[in-house]
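J.: Residue numbers (the working numbering), protein chains in the order written: chain E, 1 to 228; chain U, 229 to 279; chain P, 280 to 518.
No lab work stands behind these hints, which were simulated from the structure alone.
Model, not experiment: these values are computed from the prediction.
Where a beta carbon is used, it is the ideal one built from N, C-alpha and C, also for glycine.
Each hint should be verified, as a subset may be incorrect.
[What the hints assert, rightly or not] Beta-carbon label-pair distances, calculated as ranges:
1. PRO48(E) to LEU249(U): 32 to 38 Å
2. VAL167(E) to ALA270(U): 32 to 38 Å
3. ASN29(E) to GLY394(P): 45 to 51 Å
[Stated by the list, open to error] Listed below are the simulated SDA-like cross-link pairs for lysine to any residue, each with C-alpha atoms no more than 20 Å apart in a straight line:
4. LYS358(P) to GLU227(E)
5. LYS273(U) to LEU288(P)
6. LYS189(E) to ASN292(P)
7. LYS273(U) to THR456(P)
8. LYS189(E) to GLU500(P)
9. LYS358(P) to TYR224(E)
10. LYS358(P) to ASP223(E)
11. LYS189(E) to ARG455(P)
12. LYS189(E) to ILE38(E)
13. LYS16(E) to ALA95(E)
14. LYS189(E) to VAL116(E)
15. LYS189(E) to TRP399(P)
16. LYS273(U) to ASN292(P)
17. LYS358(P) to ALA221(E)
18. LYS16(E) to ALA33(E)
19. LYS358(P) to LEU288(P)
[Unchecked claim] Now the stretches of chain P that chain E is said to cover, found in silico as 3 or more residues with beta-carbon under 8 Å:
20. 422-436
21. 482-491
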Amino acid sequence: MAFRDEWLRARAVAWKDLMAERRSKAGFNSVAALGVTILVLFGFALGPDAEAIRAAAPGALWLAALFAGVLAFNRSYQVELDGGALEPLLMYPGARRSIFAGKLLANFVFVFLLLVIVIAVSLVLFHITVPSTWPRLLLVVLLGEVGLVTLGTFYAAMASRSRAREVLLPLLLFPMLVPVLLAAMQATKALLVGDVMHDAGAWTNLLVAYDVIFLISTFLAFDYVIEA
Amino acid sequence: MPEMIASNGYYVAAAYAVGWLCILGYLLRLHSLLRRSREALAHAKTIGGAP
Amino acid sequence: MTAAAAFTLEVPNPGRWPIFGWFAVLFLAGAQITAFAISPPDRDMGDLQKILYVHVPTAWNMGICYLLVAIYSFRFLWKRDDRDDLIAASAAEVGTLLNGLTLVLGMIWARPTWGVWWVWDARLTSTLIMFLVFAGYLALRAFVEEPDRRALWSAVAGIMGAINYPIVYMSVRWWRTIHQVQSTPSTLDPTYTFSLRLNAVAVLFILIYFIRRRYEAALTERVAEQVSQAAALGGPLNA
């Protein structure tokens, strides 16, 4: 019974965040535009040789999603910071987990849409052909996104409420994301060439392990972060 | 061979120099931090009107 | 933080610690001289092997610092004693110092050994990531001013950072193996173990001294903070 209440509350938080985002259309559009711009910059940095660009595509793709996504994470707490709506929410039991779950959901949807755009543009800019292994590729993208959004939402809970939030979030988040990003990039790279070396499976398993570890630890730690 | 050992010696010397510089540098930082914290405490006490 | 709680923190007494500081520095110098004296040049590496007497003990003790951060962060979350937070923070600062030193010494060793200043092997790369993690930890402390919030968030960040270390190490090692790159060989001959251990203990003494003195400064400043806070709230003090 209590679990259902928590789920409803989480959904409510997610819905509120997404609606706020939708009303300020500038939010998603700008972030998506930034993602594309970053891809273009990578193209300039690594190109124009077709082989080099194709080789760099997995890395560029994930980094573009990361740099643009970081903006989303801090802003996911903006609603509460501006309106002070956090305190009333905290009074329900199990509320903190619901808040975190709700924000995770909202950010997941947001970053998913961002990834769709970034991947679509990468296909064009980096001469990527959609491989036969694309279902597994989709799985890798989703798993990588889970890790990215989990840690991003978690650290943003602290960074967004401190001074110098723009630098603090990347500073805290990026080193923690190294395992997830490494696994996601390597799996993506392997799958884009049809996974001839059968590496992707191992990296995918690692991704799952990382996601589990970080989901559990952030859920446990969120209580302490939001309490302060 | 001798010239290789000689240039390696530079690296060894550099390593130890960097190590000791760090230690001495941090000792200086500790010294200044301790002094500053004691000053802050003395200052706070005078504001508070403590004896 | 009530006014009553403000006085549970006491200003630390330096006591005999300054003497220990002198002892630690002299002991380290002695350990290094001993290492030079009793170990002959390595067959393969020649004099370069002497760099390891600084590099390896520094790396080991950096690990000890971060372990202390994790332990005292847990303790703080459990007991909410400000002193645990300050010990964790002091250990983090000293750990970051040793971490930076490990990286620089690693580079000084890599250059003549392999001809490059950097290799993307598991150990060196993980060490670099840990440096960034704890630089972030120190930045977090610098950018959060409210003491209770700062302590709570640091504890969480410290623990998350510490658990990330084995994960990062494993990831990078897997990354290297997949690309069939030669891993950097472990180059420690048992003959040199005594000198290594001696220097490791010496650096441990330095570490202990550094953390203790850093903690003294932090605690004194915290007490000063509380004294002026209590004064701002009004009323006489009995600090």
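J.: Does the structure keep LYS358(P) and TYR224(E) at a Cα separation of 20 Å or less?
T.: holds (13 Å)
J.: Hint check: LYS189(E) vs ASN292(P), CA-CA at most 20 Å. Holds or violated?
T.: Violated. LYS189(E) to ASN292(P) sits at ~58 Å, over the 20 Å cutoff.
J.: Quick check: do three or more residues in the segment 482-491 of chain P have a beta carbon closer than 8 Å to a beta carbon of chain E?
T.: violated (count 0)
J.: LYS189(E) and VAL116(E) were given as a pair; does the straight-line alpha-carbon distance stay at or below 20 Å?
T.: holds (17 Å)
J.: Check whether the Cα positions of LYS16(E) and ALA33(E) lie no farther apart than 20 Å.
T.: Distance ~24 Å between LYS16(E) and ALA33(E) Cα, so the pair is violated.
J.: Please work out if LYS273(U) and THR456(P) have their alpha carbons no farther apart than 20 Å.
T.: Distance ~60 Å between LYS273(U) and THR456(P) Cα, so the pair is violated.
J.: Decide if the proposed pair is consistent with the structure: LYS189(E) and ILE38(E), CA atoms, cutoff 20 Å inclusive.
T.: holds (19 Å)
J.: Please test the hint of 32 to 38 Å on the beta carbon pair from VAL167(E) and ALA270(U).
T.: Given range 32 to 38 Å: holds, Cβ gap about 35 Å.
J.: CA of LYS189(E) to CA of GLU500(P), is that 20 Å or under?
T.: violated (51 Å)
J.: Are there at least three residues in the segment 422-436 of chain P whose beta carbon sits under 8 Å from a beta carbon of chain E?
T.: Coverage by chain E holds here, the residue count being 11 at a Cβ distance below 8 Å.
J.: Taken at face value, is the distance from the CA of GLU227(E) to the CA of LYS358(P) at most 20 Å?
T.: Satisfied, since the Cα-Cα distance of roughly 15 Å is no more than 20 Å.
J.: Holds or violated: LYS189(E) and TRP399(P), Cα atoms, limit 20 Å.
T.: Holds, at roughly 19 Å.
Of the numbered hints listed earlier, those contradicted by the structure are 1, 6, 7, 8, 18 and 21.
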